[in-house]
Amino acid sequence: MKQLFSILILAIALSFNGCKPDLKEIGPSYGAGEGIYGSWELSSVNQVDLKQPIPESRNISAFFNADASRKMQIKFEQANNAYSILQPGALPRTFGTSGTWKFDTLPFPTKLYFFTSNNDTVMTPIKNMVRENDAFFGFNVVRSDSCGSAYVRYEYTFKRLN
Amino acid sequence: MCVTNTPSNDLTKMKTLRYLPLVIAFVFTSVTNIFSQVVTSVPSEYTDPTTEVKILVNLDLLDQTQETVLNLIADADAGLDLYIWTWKPFEFPAGHPKANGEGAQAWKNSNELLKMTQEAEHLYSYTMVPTEFYEVDAATVYSEDIHFLVKPKDGGGYGDPDRKSGDLLFVVDPPNVARPAVYGFPSNPLQNDVFRIVYDNYKEEKTTMQNLGTQECYVFLEVTLTDSTIIRPSSIFQVGNNPDLQMKQIGTGIFELIMIPELFFNLQQGQKIDKLKAVVIRQLFISGADRVDNDFIIDMACWND
Numbered sequence: 362m363k364q365l366f367s368i369l370i371l372a373i374a375l376s377f378n379g380c381k382p383d384l385k386e387i388g389p390s391y392g393a394g395e396g397i398y399g400s401w402e403l404s405s406v407n408q409v410d411l412k413q414p415i416p417e418s419r420n421i422s423a424f425f426n427a428d429a430s431r432k433m434q435i436k437f438e439q440a441n442n443a444y445s446i447l448q449p450g451a452l453p454r455t456f457g458t459s460g461t462w463k464f465d466t467l468p469f470p471t472k473l474y475f476f477t478s479n480n481d482t483v484m485t486p487i488k489n490m491v492r493e494n495d496a497f498f499g500f501n502v503v504r505s506d507s508c509g510s511a512y513v514r515y516e517y518t519f520k521r522l523n
Numbered sequence: 049m050c051v052t053n054t055p056s057n058d059l060t061k062m063k064t065l066r067y068l069p070l071v072i073a074f075v076f077t078s079v080t081n082i083f084s085q086v087v088t089s090v091p092s093e094y095t096d097p098t099t100e101v102k103i104l105v106n107l108d109l110l111d112q113t114q115e116t117v118l119n120l121i122a123d124a125d126a127g128l129d130l131y132i133w134t135w136k137p138f139e140f141p142a143g144h145p146k147a148n149g150e151g152a153q154a155w156k157n158s159n160e161l162l163k164m165t166q167e168a169e170h171l172y173s174y175t176m177v178p179t180e181f182y183e184v185d186a187a188t189v190y191s192e193d194i195h196f197l198v199k200p201k202d203g204g205g206y207g208d209p210d211r212k213s214g215d216l217l218f219v220v221d222p223p224n225v226a227r228p229a230v231y232g233f234p235s236n237p238l239q240n241d242v243f244r245i246v247y248d249n250y251k252e253e254k255t256t257m258q259n260l261g262t263q264e265c266y267v268f269l270e271v272t273l274t275d276s277t278i279i280r281p282s283s284i285f286q287v288g289n290n291p292d293l294q295m296k297q298i299g300t301g302i303f304e305l306i307m308i309p310e311l312f313f314n315l316q317q318g319q320k321i322d323k324l325k326a327v328v329i330r331q332l333f334i335s336g337a338d339r340v341d342n343d344f345i346i347d348m349a350c351w352n353d
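As they're listed, the protein sequences go chains A and B. Sequential numbering from 362 applies to the first sequence in our numbering. Sequential numbering from 49 applies to the second sequence in our numbering.
These are computed hints drawn from the structure, not numbers from a lab. Treat each hint with caution, since some may be false.
Only pairs whose alpha carbons sit at most 27 Å apart, straight line, appear in this in silico DSSO-like list of lysine-lysine [claimed, not checked]:
{"#": "1", "chain 1": "B", "residue 1": "Lys323", "chain 2": "A", "residue 2": "Lys412"}
{"#": "2", "chain 1": "B", "residue 1": "Lys251", "chain 2": "A", "residue 2": "Lys412"}
{"#": "3", "chain 1": "B", "residue 1": "Lys323", "chain 2": "B", "residue 2": "Lys254"}
{"#": "4", "chain 1": "A", "residue 1": "Lys412", "chain 2": "B", "residue 2": "Lys320"}
{"#": "5", "chain 1": "A", "residue 1": "Lys472", "chain 2": "A", "residue 2": "Lys412"}
Generate coordinates for the entire structure from the input sequences, incorporating the hints supplied.
Now the structure itself:
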C-alpha cells in the first residue's frame, strides 16, 4: 500500500513539472528615446545654486504654475530631428525659437543636444529615457556666467501634451 | 633685607640655569608652533574633499627633539624618497593596491603609490582627491579628517631605529554655509534667471523688526543699470502701497519675493543691470526702525556680458 502511495505522489509531481508555461513573444523592444516626439509643457522646475559651497536646490514650480504663460512648451519632431519652442514661457531663453536636436551615444543616450537656429549648442543631461508611454520627461540645463563658470542648474520636468 | 651669596645659593642658581636652555627651547617651540604649521595645503582654504588638494609637510617644523624625526630628516638629506603612511579616514588592508606597505614587513616597504613629491628642501607634498583616494564620502572626511605620518620607504623597526615623523593631522572642515537674514537664491543670478529674495525674520537681531506679521513684510528694490540709470518701482515711503513689493510668507517667519529681474524691472532690449539693491522694510515705513540694518546688494556687472 505504501509503495502504491509513493508512486502516486511521484506521478503527481511529474505531472506538475509538465505544466511549465510556453514562452511567448513580448513584442518589439522600445526604441531608445522614441517617446520624445510630440509636444511637451513644463511641469516642474528645480533650481540648483552651484555657487554655494554645497550646491543647494529649490523647487520653483509654484512660480510657473501661478501663470500658464510662464510655462515653456516645446515640440520635438521626428522629421529632420527638428524642435520648436511653442511658448517660451518665463525661463531663460536658452533654446532660441527653433533648431534641431540629437541624442548622444545611441542606443544608451545620457544627453540631449539642442542645436539652435542661432548656432548655439546646448547640451542637456537627460533625467529619463523617454518611452512612448511616458507622460513625463526631463533634462537639466547648466548656465554659466560670462567667465565660463557654472553658477546655476535648472532641472526641468515636462508633461506630455500630445 | 640683605641677601648674601652663599655657596648654597650659587648651587641653586646653577641648577636653575642648567634648565634655562630647555625653557628657552620650550618657549621657542611653542611660539613657532603657534605661528607656523607642519602641515599646510594648496588651496589653503580647503573645504571640499571631492576636489584635489596638495598636502604639504615641512620637515623643518617637525619636533626635532625626537630621534625618529632626526632619522627621517637624515634620510631626506641623503636623497631618499619619502612616503605618506595614512590610517584615517580609512586604512586599506594589507594586500590592497592602496595599502600603506607591501609584503610581510609593510613598515619596511612603503607602497610606491604613496610616494611624496619634493617641492623644496625639506618640503614634501602629496596630492589627492580625499573622497577618491580613501574611497569614502565627504561626510566621513569631515568627521575623521586626514591622519598620516611621513617616512622613508624603509621606516626602520624590527630591531632598527624608527625613521618617521610624528602623527600628522590635516583637518578638513565643511564650509560655513550660514546665511544672513536676507539673501538671494541663486546667489549670483543673471538678469533673466528666476531669482528670489528671501528674508528669514527668525534671524533678525534688530528688535524693532522682529516678529513681522504675515502681511507686514515688504522690500524696497532699486537697480542700477550699466548706463547708470536707476530704476525704483517705488520710493521707500511708497513701498507699502505697492503689492508687487510685498514679500510672501512661505514658512514660519520666512518671507520671499520671486522674480525674473529683467521682466520685473521692465528692462528694454540691451539694458543691463549693474547692481540690484534690496532693503526689507515694514509695510508702514516711518523711520530707520522699520527696516533691516543691512542693504542686500548683488553686483551683476560681470554676469551680463
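Here's how the hints hold up against the structure:
For the given pair, Lys323(B) sits about 18 Å from Lys412(A) by alpha-carbon distance, which is consistent with the 27 Å threshold. A distance of roughly 22 Å separates the Cα atoms of Lys251(B) and Lys412(A); the hinted pair therefore holds under the 27 Å criterion. Straight-line distance between C-alpha atoms of Lys323(B) and Lys254(B) comes to about 25 Å, which keeps the hinted pair within the 27 Å bound. For the hint linking Lys412(A) to Lys320(B), the alpha-carbon distance of about 21 Å falls within 27 Å, and the restraint holds.
Restraint check for Lys472(A) and Lys412(A): satisfied, since their Cα atoms lie roughly 23 Å apart, inside the 27 Å limit.
Going down the numbered hints, you'll see the structure goes against none, and every one checks out.
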